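S.K.: Just so you know, the protein sequences line up as chains A and B, in that order. Note that the first sequence covers residues 1 to 721 in full-length UniProt numbering. Note that the second sequence covers residues 1 to 181 in full-length UniProt numbering.
Some hints here could point you the wrong way.
[To be verified] From the derived model, a few chain B residues whose C-beta atoms are all more than 12 Å from chain A:
{"id": "1", "residue": "P131"}
{"id": "2", "residue": "Q156"}
{"id": "3", "residue": "H162"}
[Stated by the list, open to error] Quick list of simulated restraints, FRET-style, between CB atoms:
{"id": "4", "chain 1": "A", "residue 1": "R194", "chain 2": "B", "residue 2": "D117", "range": "17 to 23 Å"}
{"id": "5", "chain 1": "B", "residue 1": "F154", "chain 2": "A", "residue 2": "R717", "range": "58 to 64 Å"}
{"id": "6", "chain 1": "A", "residue 1": "P456", "chain 2": "B", "residue 2": "E50", "range": "23 to 29 Å"}
{"id": "7", "chain 1": "A", "residue 1": "T477", "chain 2": "B", "residue 2": "D117", "range": "38 to 44 Å"}
Just so you know, these hints were derived from the structure itself, not from any lab. This structure is a prediction, so every number in the text was calculated from the model and none was measured. All C-beta atoms, glycine included, are put in the ideal place defined by N, C-alpha and C.
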Amino acid sequence: MAVDPMLQGLVAGFAVEAQEVIQKVTMDLLELEREGLENDALAKIYTRLGRHLHTLKGSAASLGLQDLGDIAHRLEDALAPLKATTQKMPRPVVDILLHGLDLFMLRAQAHADGRGDYLPDPAAALAQLVASAPPPEAAAVLPGGAFAQAPAQAPALVGPGPSESGAPPAQEPQGESADAGWRVSARQVTSLMREVERLREVRLRVEERSRELERVSTLLAKQGLLAETAEARTLLSGTGRSLRTDGEETSDIVDALEEGLKAITTRPTRTILEPLQRMVRDLSRQLGKEARLSVVGAEVSLDRRLLEKLQGALVHLLRNAVDHGLEMPAEREKAGKHQEGALTLRVEQQGNLLYLEASDDGRGIDLVAVRRVAEKRGLVTADELARLNDNQVRDLIFSEGFSTRTDVTDTSGRGVGLDAVRATVESLQGRIEVASTRGQGTRFVLTLPVDLGSSPVLMVRALEQFVGLPMLAVESTQLARADLLRVGRRRAHLEHLGQLLPVVDLGARLGLRASTPPAEGQPMLIVQSGGRRVALVVDAVVGDRDLVIRPLPSEVRDVAAWQGAATLSRGELLLILRPDWVVSDSEKAQVSAASRRALVVDDSLTARALHRAMLEAGGFQVHLAASGARALERLAADTYDVVICDLDMEEMDGTELIARLRDKKETRTLPVILVSAHDSAPARERGLASGADGFLSKRECAAGRLLAEVLDVMSRRGSRA
Amino acid sequence: MKGTPRMVDEALEEETRDLLARRAARLREQGESSVEEAVHWIAEFPLGEERYALPLESLRAALPLRMVTPVPLSEPAVIGVLRFQGQVLSALSLASLLGGHGWRQDPAVLLVVDRGDGELCALDCEAIPRPTTLSLASVEAARARAEGPVMEVFTQDRQLIHLIDPKRLFSVSEAGVRHGR
């Protein structure tokens, strides 16, 4: 039958609108079945519910969708007696109303897809609704009693297709097709995002040019030629003002473009989290358990594609939590817990990292059972199992085919779930971790990169390395004071608001220097992540910036310290630290104090990298310095077993550095090897005459040769080697 | 007497004609063979005392080695990260990737290379590479012989070129990284 395209468009629009209204009605129904609501609150919810159902009925009727109008009418009828007495809604009634909403939405979707003519007669389904509906007097006086059989007729959680007795409707509405708009590919939008980021960089460069102009004006003024340069300075000043205005306008355009792109490509996480309330409710009913899901951070907006991929993972985690994690109500009461299990989903974005936490207050992971099942299913051998610590055993639950269930149920036992969750998270370049305490509950934390929009970053320096920290992770900054520091043999602690926080030296944590307690007045940041806090010692706090953090390339993506990089005004990149890495236990990561230490001094970045690679391969802990002056600073603070130094450097060359070292008692006998790009006899003679213990041309620094020379020189000097 | 010089001239002319004809034939042969022989374009550069090359089609740009941000705690072959056309790329030490190599002068150039999997990265280099060709047949033969990421190919004048296969180079280095963790 030919359908008027305009009417079809209206029906499609109605389906989208209906989905939103039904979501609200669902949330209200779940609220109504909870204990402990005041009468006023109940009355408000009933009023809102009635209004929503009436809207559905009216909208359906106005489009000639009689079947939908009838369903909405029946739902209103079912609600009426309860509304009149303002009481908590019995669960069986909630079941029936939810079932009716599913029915409504499935048919609305079919009408929107042009399949309305092929729908079965709604009479049978309506009759079932009528039959199940509470007689007014019973509903009013017998909460629960008259509908004790209802759960058996409750809709299945997952249905194979759009049968009228089946599943909740698909969550993703056909909004895009219903809107009178354009269809664009993800690639086109991504490409547009990249252009916006480039424009943001241009804006930063414009700011930099403006600052340069100001510097030129200041310089001219300092020349003492005020009269002669007056015209030029006036001109420069005018250009500077124009440049600033242009920069501000560009900034506005970038912000507007970014907001527009965000609106197109993101949606609030609540759009996937709220439907999970219904799923948790239905599943716990099916299993005879009680559960309540709390959602924190649902307002965070995220990339639609990311949300679609995450939805399945979250469903898995919550189903697992209800089925495996939560105990039966009686068991919970016996354990001193509330009979209703608490599930929490927490969403938090820090910089370009998204943290998604799914936790329950159930029985926790039974490590003994995990060990037994893992061995029985051949996931690990008994020998391997014996070597695993508790965390590693816990991670086995992410293995393919793992399930502690001995029977297969509708909900679980097939060994498909957490491995799929991990695969999804890893496909998004994220990671998943689990923490669990027996008898107290389990917490899954998903960490995922998100790459849209700018975020505030605090820029700091450790030695010559500038790095950024997401501002959300920085609680405060302060200067080190000896009276607040507790310096122990292994590490120092800071007394902060009645707590002792571990002190972490950023330079040492990044492997740039050996760890030392902070000097008086040295800047410290109180950094928190996941409930842990540390006092992070830096060499300087540069200031805060609003930066776009981008993911790192694959070669460095796995380095746990970094979450991404952002472009600074001159075009250079700033690495951004992961707060969770900063607060993690640094002692494990520290290199053994017994390892030999080498200092590489070279003004060539690539030469430093190569020497470092060769020496680390030989078991050395390597620190780097880009100039002779920096090397002297390093040597004043740390001790080294050997120095490898470039002969030809600007400012202070290798011979001068050696002369300075030989002048000091502490470094007089320190073995030094000079390297040079000049492979000539005069260069070699010059190097050795300066007091170097060895000389190599860079051509000779092939695999093994540098290391052999280092060991030889150390041996000759009678060093620890 | 007059005949003698004429004869000499004629003989010389004939000799010249022959010479020119031989030269033309030789050039024709060369031209025909160079047209017929398939070639593989490469970007050739020095690494220490040896000559290395990358397939020209994998080369995206040659940049001065500056604005590279070191990445503490990264793998030793990583020099740092840099920005290139709105993307963040890794700069890697080619000498280190090839297993510890000597070099004559400190690299001053970065070659932006397609890794063979659609991603770009930058490799350090002592000098801007020179575009040239290798016989495709010799490249194919070397590829069949080679097990690692570097193929040894001889040029027509018997010079040895170490031709790098980016796809193999990065799959090997990534496997190393994974195993190392």
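S.K.: For every hint, state whether the structure bears it out.
M.R.: Each hint tested on the structure:
1. P131: 23 Å, holds
2. Q156: 27 Å, holds
3. H162: 14 Å, holds
4. R194/A with D117/B: 17 to 23 Å: 19 Å, holds
5. F154/B with R717/A: 58 to 64 Å: 46 Å, violated
6. P456/A with E50/B: 23 to 29 Å: At 49 Å between Cβs, range violated.
7. T477/A with D117/B: 38 to 44 Å: 42 Å, holds
Hint compliance for this structure: hints 5 and 6 are not met, and every other hint is.
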